[in-house]
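*Asks:* Protein chains in written order, with this note's numbering: chain P, 2 to 237; chain C, 7 to 290.
One should not assume that every hint holds.
Said to hold, decoys possible - Example chain C residues on the side facing chain P (calculated, C-beta under 10 Å, incomplete):
id : residue
1  : 124
2  : 125
3  : 145
4  : 147
5  : 149
6  : 153
7  : 155
8  : 168
9  : 169
10 : 170
11 : 174
12 : 176
13 : 287
To be verified - Calculated lysine to aspartate or glutamate pairs in the EDC-like style (CA-CA distance at most 20 Å, straight line):
id : chain 1 : residue 1 : chain 2 : residue 2
14 : P       : 116       : P       : 91
15 : C       : 152       : P       : 178
16 : C       : 152       : P       : 199
17 : C       : 152       : C       : 272
18 : P       : 116       : P       : 178
19 : P       : 168       : P       : 152
20 : P       : 116       : P       : 129
21 : P       : 168       : P       : 129
22 : C       : 152       : P       : 29
Bear in mind the hints are in silico, worked out from the structure with no lab data behind them.
Virtual Cβ for every residue (Gly too), placed ideally from N, Cα, C.
Spelled out from the first residue to the last, the chains are:
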Amino acid sequence: MLELKGLTCGYGRFVAVRDLSFTVRRGEAMAVLGANGAGKTSTLMAIAGQVAVQSGAILFDGEDITALSPMARCARGLALAPEGRRLFRDLTVRENLVVGGYVRAARATAANMDKVLALFPRLEERLDNLAGSLSGGEQQMAAIGRAMMAEPRLLLIDEVSLGLMPKNVDICYEALDALRRAGLTIVLIEQSLERVLDMVDHVCVLESGSLAWAGTAADARGNPDVIRAYMGGVHG
Amino acid sequence: MGAYELTLVAVVSINVMLALGLNLITGFCGQVSLGHAAFFGTGAYAAALMAAAGWPLPVVLVAGGVTAAVLGLLVGFTSLRVREDFLAITTMGVGFVFVGFVRKQGWLGAEMGLTNIPDHGLGDIGFILMCLGLVAAMAAISAHIKRSWLGFGFAAVADDEATARTLGINVPLYKLAAFVIGTFLAGVAGAVYVYFTRFIIPGAFGFTVSISILSMVIVGGVGSLWGVIVAAVLLTLLPEFSRVINDYKLLLYGALIVLTMRFAPDGLAGIVTSLSRRLRRSET
Numbered sequence: 002m003l004e005l006k007g008l009t010c011g012y013g014r015f016v017a018v019r020d021l022s023f024t025v026r027r028g029e030a031m032a033v034l035g036a037n038g039a040g041k042t043s044t045l046m047a048i049a050g051q052v053a054v055q056s057g058a059i060l061f062d063g064e065d066i067t068a069l070s071p072m073a074r075c076a077r078g079l080a081l082a083p084e085g086r087r088l089f090r091d092l093t094v095r096e097n098l099v100v101g102g103y104v105r106a107a108r109a110t111a112a113n114m115d116k117v118l119a120l121f122p123r124l125e126e127r128l129d130n131l132a133g134s135l136s137g138g139e140q141q142m143a144a145i146g147r148a149m150m151a152e153p154r155l156l157l158i159d160e161v162s163l164g165l166m167p168k169n170v171d172i173c174y175e176a177l178d179a180l181r182r183a184g185l186t187i188v189l190i191e192q193s194l195e196r197v198l199d200m201v202d203h204v205c206v207l208e209s210g211s212l213a214w215a216g217t218a219a220d221a222r223g224n225p226d227v228i229r230a231y232m233g234g235v236h237g
Numbered sequence: 007m008g009a010y011e012l013t014l015v016a017v018v019s020i021n022v023m024l025a026l027g028l029n030l031i032t033g034f035c036g037q038v039s040l041g042h043a044a045f046f047g048t049g050a051y052a053a054a055l056m057a058a059a060g061w062p063l064p065v066v067l068v069a070g071g072v073t074a075a076v077l078g079l080l081v082g083f084t085s086l087r088v089r090e091d092f093l094a095i096t097t098m099g100v101g102f103v104f105v106g107f108v109r110k111q112g113w114l115g116a117e118m119g120l121t122n123i124p125d126h127g128l129g130d131i132g133f134i135l136m137c138l139g140l141v142a143a144m145a146a147i148s149a150h151i152k153r154s155w156l157g158f159g160f161a162a163v164a165d166d167e168a169t170a171r172t173l174g175i176n177v178p179l180y181k182l183a184a185f186v187i188g189t190f191l192a193g194v195a196g197a198v199y200v201y202f203t204r205f206i207i208p209g210a211f212g213f214t215v216s217i218s219i220l221s222m223v224i225v226g227g228v229g230s231l232w233g234v235i236v237a238a239v240l241l242t243l244l245p246e247f248s249r250v251i252n253d254y255k256l257l258l259y260g261a262l263i264v265l266t267m268r269f270a271p272d273g274l275a276g277i278v279t280s281l282s283r284r285l286r287r288s289e290t
């Protein structure tokens with residue numbers, strides 16, 4: 002479903018990710034791991050169309066989307082729950098969800114909102130609260146919910162559990178697991194290694210913007226190379 | 007109601023219309039504009055020419071709005087290229103270019119302005135009712151936009167353009183829509199101003215007018231509908247009730263902008279919201 006072919010991307014002259022290639026099949030979940038500054042967020046942002054691709058290609062369902070705008074990518078079924086959640090703070094939760102469904106027909110909004118509320122029942126009582134007033138966990142639920150309003154086929158999530166209480170982390174992961182079981186393809190960035198390995202099929206580890214290790218979640222578990230790369234140096 | 011009171015109502019109405027227009031661009035959609043007087047002036051000059059040519063009042067009002075909206079669309083395109091402080095400087099430049107252009111155009115009366123603008127034919131009370139009706143209509147349109155898809159899109163663009171893009175929101179289209187609608191309202195206000203004064207000069211649409219309108223939006227609370235209306239009314243009336251304030255009007259407006267941004271960035275609306283929240287908390 003998603004294929005990165007020699008992706009090099011960055012900001013101006015700065016190269017954040019160099020010659021990165023990987024494939025995610027339909028219905029699979031992949032975790033992108035690495036130390037701070039390894040290029041994880043840049044990779045996700047490049048897939049979503051927020052970071053300039055300097056060379057290489059991004060294929061989505063066989064179509065080259067490298068040159069497409071973020072809007073066009075979203076319309077094709079690619080949604081991002083960004084780092085820091087980035088909800089629209091002056092809009093209510095309900096309005097944030099409505100905005101999330103911008104690329105879909107207005108008549109689908111109510112049904113999609115029901116699905117999001119079934120996924121995160123806690124949001125129901127917060128629907129009319131301003132997004133800026135939510136707790137971190139609720140914001141993450143709203144951010145994932147907002148992304149789901151676009152009826153994506155590929156969900157990109159940056160830092161699922163960062164700064165969340167364990168109980169909220171459980172809620173988010175249970176929701177992601179349910180989505181994955183329902184056939185959604187997921188690519189996520191996560192700091193919590195053990196937690197993410199329970200959910201994903203594949204792992205790729207980045208180090209200094211390059212692919213340091215790739216394999217199945219089962220192979221990654223307890224693998225010293227993965228742990229070293231995760232801690233900031235695969236060759237250490 | 008005497009002539010003075012009627013005049014005050016007309017001036018307040020025009021300023022509320024201008025503030026509502028700028029609030030749509032800057033408050034709802036987050037696009038800073040320091041040249042709103044140029045759109046006000048464009049509407050006024052277009053209306054003056056059409057009124058002098060004998061066109062009926064409703065057509066003149068719409069034409070004033072449309073002419074300003076065309077300029078608004080052109081300026082809106084610059085908002086796709088520049089952002090924030092650069093957009094502020096660009097729109098300020100548009101304001102200066104407008105006044106400089108009009109001052110050199112003989113067919114627009116140059117420095118002497120345009121006169122011979124016919125009476126609106128509604129009578130004093132009829133004219134005031136029209137002004138109030140337009141204010142009510144613009145406030146209703148603003149309120150409707152704020153709670154509609156368009157308003158959610160504006161809020162998303164204002165808050166976080168990059169995230170809005172990843173959600174598939176057509177950011178350029180929303181920015182252009184904000185400029186077109188906001189400047190249309192300014193153009194209609196310009197047409198009303200023309201019928202009110204029946205005489206216009208370039209100086210009536212200078213930078214100080216843009217800053218006055220901006221101060222109404224900032225003091226009222228950027229993006230707040232009722233806050234902006236209240237601030238526009240207060241800031242228009244305040245100089246009328248005190249000679250000293252009138253003499254130092256611009257100083258007052260400037261100081262209010264600085265003080266509001268430093269101590270109450272959400273303006274009057276933010277202060278009232280915060281007070282009512284505290285009140286509710288103390289009751290429970």
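*Asks:* All the hints need checking, so say for each whether the structure fits it.
*Replies:* Evaluated hints:
1. Against a cut-off of 10 Å between C-beta atoms, the interface hint on residue 124 of chain C is violated, since the closest Cβ of chain P lies about 45 Å away.
2. Taking 10 Å as the C-beta contact cut-off toward chain P, the hint placing residue 125 of chain C at the interface is violated, the least distance being around 45 Å.
3. Of the supplied interface hints, the one on residue 145 of chain C is violated, with its beta-carbon coming no nearer than about 20 Å to a beta-carbon of chain P, more than 10 Å.
4. Hint on residue 147 of chain C is violated. Least Cβ distance to chain P is approximately 19 Å, over the 10 Å limit.
5. Nearest Cβ of chain P to the Cβ of residue 149 of chain C: about 15 Å, over the 10 Å cut. The hint is violated.
6. Annotation: interface hint on residue 153 of chain C holds; nearest CB of chain P at approximately 9 Å, less than 10 Å.
7. The beta carbon of residue 155 of chain C is positioned within 10 Å of a beta carbon in chain P (closest approach about 8 Å), and the interface hint is therefore held.
8. The criterion of a C-beta within 10 Å of any C-beta in chain P is met by residue 168 of chain C, whose closest approach is roughly 6 Å, and the hint holds.
9. This hint holds: residue 169 of chain C has a C-beta 5 Å from the nearest C-beta of chain P, less than the 10 Å allowed.
10. Given hint, residue 170 of chain C at the interface with chain P, holds; its Cβ is 8 Å from that chain's nearest Cβ, closer than 10 Å.
11. This hint holds: residue 174 of chain C has a C-beta 3 Å from the nearest C-beta of chain P, less than the 10 Å allowed.
12. Taking 10 Å as the C-beta cut-off, the interface hint given for residue 176 of chain C holds, the closest approach to chain P being about 6 Å.
13. With a cut of 10 Å, the hint placing residue 287 of chain C at the interface with chain P is violated, because the nearest CB-to-CB distance is about 14 Å.
14. Restraint check: the Cα-Cα separation between residue 116 of chain P and residue 91 of chain P comes to about 24 Å, which exceeds 20 Å; the hinted pair is violated.
15. This hinted pair does not check out: residue 152 of chain C and residue 178 of chain P have alpha carbons roughly 37 Å apart, beyond 20 Å.
16. Using a Cα cut-off of 20 Å, the hinted pair residue 152 of chain C and residue 199 of chain P is violated, with the two alpha carbons roughly 44 Å apart.
17. Between the alpha carbons of residue 152 of chain C and residue 272 of chain C the distance comes to roughly 17 Å, so the proposed pair stays at or under 20 Å and holds.
18. At most 20 Å may separate the alpha-carbon atoms for a hinted pair to count; residue 116 of chain P and residue 178 of chain P meet this at roughly 15 Å.
19. With a CA separation close to 26 Å, the supplied pair residue 168 of chain P and residue 152 of chain P exceeds the 20 Å bound.
20. About 17 Å separates the Cα atoms of residue 116 of chain P and residue 129 of chain P, which keeps this hinted pair within 20 Å; it holds.
21. Taking the CA atoms of residue 168 of chain P and residue 129 of chain P, the gap is about 23 Å. The hint is violated against a cut of 20 Å.
22. The straight-line distance between the Cα atoms of residue 152 of chain C and residue 29 of chain P is roughly 40 Å, outside the 20 Å bound, and the hint therefore fails.
Consistency with the previously given hints fails for numbers 1, 2, 3, 4, 5, 13, 14, 15, 16, 19, 21 and 22, ordered from lowest to highest.
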